[in-house]
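Peer 1: Chain by chain, the residues:
Protein chains: 2
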Amino acid sequence: MKESDSELKQGQIRFVLIHPTHPGNVGGVARAMKTMGVRQLTLVAPQVKLPNEEAIRRAAGAEDILYTADVHEDLDGAIKDCHLIIGTTARKRSIRWPQMTPEQAAEKLWDESRHGPVALLFGQERSGLANPEVERCHYLVRIPTNPDYSSLNLASAAQIMAYEVFLKRHSSLGTLQDVPRYADQESMHRFYRHLEEVLLDLDFPIARPPVILMRKLIRLFNRARLSEEELQILRGILSAVQQHVAKKS
Amino acid sequence: MKESDSELKQGQIRFVLIHPTHPGNVGGVARAMKTMGVRQLTLVAPQVKLPNEEAIRRAAGAEDILYTADVHEDLDGAIKDCHLIIGTTARKRSIRWPQMTPEQAAEKLWDESRHGPVALLFGQERSGLANPEVERCHYLVRIPTNPDYSSLNLASAAQIMAYEVFLKRHSSLGTLQDVPRYADQESMHRFYRHLEEVLLDLDFPIARPPVILMRKLIRLFNRARLSEEELQILRGILSAVQQHVAKKS
Chain A
1 MKESDSELKQ
11 GQIRFVLIHP
21 THPGNVGGVA
31 RAMKTMGVRQ
41 LTLVAPQVKL
51 PNEEAIRRAA
61 GAEDILYTAD
71 VHEDLDGAIK
81 DCHLIIGTTA
91 RKRSIRWPQM
101 TPEQAAEKLW
111 DESRHGPVAL
121 LFGQERSGLA
131 NPEVERCHYL
141 VRIPTNPDYS
151 SLNLASAAQI
161 MAYEVFLKRH
171 SSLGTLQDVP
181 RYADQESMHR
191 FYRHLEEVLL
201 DLDFPIARPP
211 VILMRKLIRL
221 FNRARLSEEE
231 LQILRGILSA
241 VQQHVAKKS
Chain B
1 MKESDSELKQ
11 GQIRFVLIHP
21 THPGNVGGVA
31 RAMKTMGVRQ
41 LTLVAPQVKL
51 PNEEAIRRAA
61 GAEDILYTAD
71 VHEDLDGAIK
81 DCHLIIGTTA
91 RKRSIRWPQM
101 TPEQAAEKLW
111 DESRHGPVAL
121 LFGQERSGLA
131 NPEVERCHYL
141 VRIPTNPDYS
151 SLNLASAAQI
161 MAYEVFLKRH
171 SSLGTLQDVP
181 RYADQESMHR
191 FYRHLEEVLL
201 DLDFPIARPP
211 VILMRKLIRL
221 FNRARLSEEE
231 LQILRGILSA
241 VQQHVAKKS
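Protein chains in written order, with my numbering: chain A, 1 to 249; chain B, 1 to 249.
Just chain A, same shape as in the assembly:
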């Protein structure tokens, strides 16, 4: 059964904790991950310094996950090589974002992890994912909870998601779907910068509420999940527009 574990390692599913504040939670997440064979833990600007005694105690034999955890100063650094980003959320978001069930998210993570790293984001304990963090996501997964009390502990949320990934990994052997090669986050960022540049060249009124317009476009293209080929086509169009605008002036 060793093989199942190492396959999950290749699977490159990364659990990303953003600004975790309680060492016990970080340890609990490590334990939750390891019980389900998920091994890549990444911390973004943690308020917890590792190694930490409380974290190790709560990890209860899953310290190796803590020792091999990556630490990044910001979220973009933590996910720049990922081509699929899913954010966990307990609340219903007013902004419209494609929402999945834990089961659907686990399937997507598992299927697409074969092409490279994929990330599942967990927001800060008290506040969850902030809007700029949500904007990095292709999808949100909402873990269903009691509407009267939705205060899911961080390690519990990780446990449920890791469990669903484990189920998918074991149910989907041999029935893996073909997925396209999606563009990674860094290429998408370059595309968004390019798009913004072109809109400015066009004197397109993004300046009125500029952030809002770009956010809407980013949301659209994140939702569409561009393949590498599609991204090239769109960038080609942007370059063609720029050439024309340049020729004019």
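Check each hint, because a few of them may be wrong.
For identical chains, the list gives no copy identity; a pair is met inside one copy or between any two copies.
[Stated by the list, open to error] Straight-line Cα separation of at most 16 angstroms, EDC-like style, residue types lysine to aspartate or glutamate; simulated pairs:
1. Lys-168 with Glu-103
2. Lys-216 with Glu-229
3. Lys-216 with Glu-230
4. Lys-80 with Glu-135
Rather than coming from a laboratory, the hints here were simulated on the basis of the structure.
We have chain A; now place chain B onto it with these hints.
Peer 2: Coordinates of chain B only, in the frame set by chain A:
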């Protein structure tokens, strides 16, 4: 949504912790239960005396579950009114006992709870269910774990089971999701014609395999499912490009 909560109360699904030793775990179980609308906690000969500060801290707002918990000296007292008893186990038992997946167990618990109280047993943290406890069970549920590390925390096991119960309870109800106002097909066709026009204005090489390129773009935007607002933004951009290209010539 109050109703869902009270229905689960009527459901009378009882989580029974046998000899729990860590107050933090008892608090964590209470929290896990409440997030999923399971309310009946029973402790059998606990080594934790309630109320306990650490338990309350970890319950994080689910203290009511702790305050209303039943405490029994022995297991038989705790389950005597139950007509269905399911035991949780992480290991494969050598004794042959009917084993279920968490999903199957949740379904059975939920279905049969309508006829009266049903119990889900959790063994002591370190050792799990002892054989005399297993013998009280109609079924065992094995939460699947990494064969190399199956050390599921008590609160985590409770979280997974409560989550599965929650899913079962809600699977029959239709989930009402907020859907945006999507653009209709006619608007999309107009958009595609507009896009094609602009690409021709730009001398963009759609002409080589023109149909193929347009098809790829159509596939992309169909997949994204544009809202009316997004469609307007994109058409605005196309018009801006056309104006610039027209000015030039």
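Peer 1: Does each hint fit the structure? Answer for all of them.
Peer 2: Status of each hint after checking the structure:
no. : hint                 : result
1   : Lys-168 with Glu-103 : both (8 angstroms within a copy, 13 angstroms between copies)
2   : Lys-216 with Glu-229 : between (22 angstroms within a copy, 9 angstroms between copies)
3   : Lys-216 with Glu-230 : between (19 angstroms within a copy, 7 angstroms between copies)
4   : Lys-80 with Glu-135  : within (14 angstroms within a copy, 52 angstroms between copies)
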